[in-house]
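From first to last, the protein sequence lines are chains A and B.
Numbering of the first sequence is given in our numbering, commencing with residue 9 and proceeding in unit increments.
Numbering of the second sequence is given in our numbering, commencing with residue 261 and proceeding in unit increments.
Treat the hints as calculated values from the structure; they're not laboratory data.
For glycine and all other residues, C-beta sits at the position ideal for the given N, C-alpha and C.
Some clues are possibly wrong.
Partner residues aside, some chain A positions facing chain B, computed with beta carbon under 8 Å [unchecked claim]: (1) V40; (2) L83; (3) R85; (4) L171; (5) D187; (6) C205; (7) S228; (8) R231; (9) I249; (10) S279.
Chain B residues, not near chain A, derived (Cβ > 12 Å throughout) [what the hints assert, rightly or not]: (11) I262; (12) G271; (13) Q280; (14) Q302; (15) A305; (16) F336; (17) P341; (18) F352; (19) G367; (20) G369; (21) D372; (22) I373; (23) R378; (24) R382.
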Amino acid sequence: MSAVIETRGLGRQYRRTWALRDCTLAIPEGRVVGLVGPNGAGKTTLLRLAAGLLAPTCGTISVLGEEPAAGPAQLARVGFVAQDTPVYARMPVSDHLRLGAWLNPAWDDEMARRRIGQLGLDQRQRAGSLSGGERAQLTLTLALAKRPELLILDEPVASLDPLARREFLRGLMEAVAEDGTSVVLSSHLVADLERVCDYLVVLVASRVRVAGEVSALLASHHRLSGPRRDPGALPAGQEVIEESHTDKQTILLVRTDEPIHDPSWTVRPVSMEDLVLAYMSRARDDRTRRLEVVS
Amino acid sequence: MIEFQLDETSGVATYLQLVQQVHQALRLGMLEPGDRLPTAQQVVAKLAINPNTVHKAYRELEREGLVRARPGLGTFVTRSPSGTDPATQARFLAAMTDWLRSARTAGLGPDDIEAIYRTAFRNCFAEGVA
């Protein structure tokens with residue numbers, strides 16, 4: 009299966025700060041990818057590199073087998089919705105559709121108008137007077153109507169209320185069901201993505217901490233609880249992602265492809281949220297340790 | 261036609277929840293051979309989940325031999341799960357109910373009971389006793 013986004017040692021530096029570094033990924037096609045991480049982790053940088061809006065400082069990135077924004081043909085295959093779903097505030101909805109039709113060779117006008125109709129948007133209304141949810145739906149419609157093979161969305165639901173969020177994701181998933189479009193969407197809230205993603209990339213402090221199929225990740229991570237013990241004494245192949253201890257008890261989140269045989273552990277499955285939070289706090293602890301070493 | 265629901269607090273994978281709901285609907289007679297399952301599109305429109313999740317659940321049901329996908333028409337129930345016969349199920353349900361009542365009378369709360377059940381379940385299936 010070919011990769012929709014493939015990066016190797018990808019990095020991007022702004023002045024002296026690295027927004028993204030050592031990023032190596034191979035995202036298979038047909039997935040809905042959740043790019044998760046705290047604010048400032050480098051999510052927007054990675055998405056803008058993929059959309060060809062930024063050039064890498066080092067490393068390589070290919071999107072649908074080509075360099076991002078290599079030319080009009082490559083651009084036509086990728087849809088990008090920037091953060092805060094920007095629209096032209098003074099332009100009516102109908103002009104957004106006309107502009108889309110004029111700028112995009114494969115524009116599906118019938119689909120765009122049908123979607124706008126289903127959403128109950130008045131085409132004469134100025135985009136600036138739409139609600140947040142309606143504006144997000146308008147930008148999603150514009151991105152879908154260009155019939156992209158890959159749709160990239162930067163924090164599309166962050167500013168929406170729960171109902172508008174659900175409506176937006178429903179619209180997005182219906183499009184995926186219809187066309188098999190590959191999707192990459194970022195969020196700092198895991199709960200938004202839990203239902204829709206089948207591939208996860210966790211990005212913290214400019215580095216990819218874990219990436220893979222959600223089902224495989226959930227199957228290989230376990231929460232162990234039992235009597236207090238030293239995590240260093242675990243069998244080889246069990247990597248501790250997160251640990252906490254009281255004087256009597258030890259709770260671990262481990263990654264392993266082997267079954268857990270030790271009967272003194274109570275083994276529980278982890279949710280996507282547990283998993284993301286564990287990698288986030290591990291990244292934070294690494295950083296704290298590094299700072300301690302420096303000082 | 262059945263309608264799926266999701267329990268987001270259950271910790272059970274979404275595709276597995278769909279599989280289990282079909283099993284249950286078959287056991288309860290809400291689905292019968294010949295019935296069509298909702299299309300991925302319909303499930304997605306209702307639950308706002310990834311369509312691949314629906315496909316995965318239906319593939320699993322197909323692997324179990326309970327449904328068959330007919331291209332362009334949909335996914336249809338072919339047979340009910342070859343579970344134990346209703347009389348045996350009823351016998352064990354009655355025994356379990358008696359056991360739960362006596363546990364309650366002995367002062368065990370829902371958490372105690374669940375912990376005992378889970379441990380026994382795990383021991384039983386882990387050792388291959390069942």
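Okay, the hints, checked on the actual structure:
| no. | hint | verdict |
| --- | --- | --- |
| 1 | V40 | holds, 5 Å |
| 2 | L83 | violated, 26 Å |
| 3 | R85 | violated, 21 Å |
| 4 | L171 | violated, 11 Å |
| 5 | D187 | violated, 10 Å |
| 6 | C205 | holds, 7 Å |
| 7 | S228 | violated, 13 Å |
| 8 | R231 | violated, 10 Å |
| 9 | I249 | violated, 18 Å |
| 10 | S279 | holds, 6 Å |
| 11 | I262 | holds, 18 Å |
| 12 | G271 | violated, 6 Å |
| 13 | Q280 | holds, 15 Å |
| 14 | Q302 | violated, 9 Å |
| 15 | A305 | violated, 6 Å |
| 16 | F336 | holds, 19 Å |
| 17 | P341 | holds, 23 Å |
| 18 | F352 | holds, 26 Å |
| 19 | G367 | holds, 23 Å |
| 20 | G369 | holds, 19 Å |
| 21 | D372 | holds, 15 Å |
| 22 | I373 | holds, 17 Å |
| 23 | R378 | violated, 9 Å |
| 24 | R382 | violated, 9 Å |
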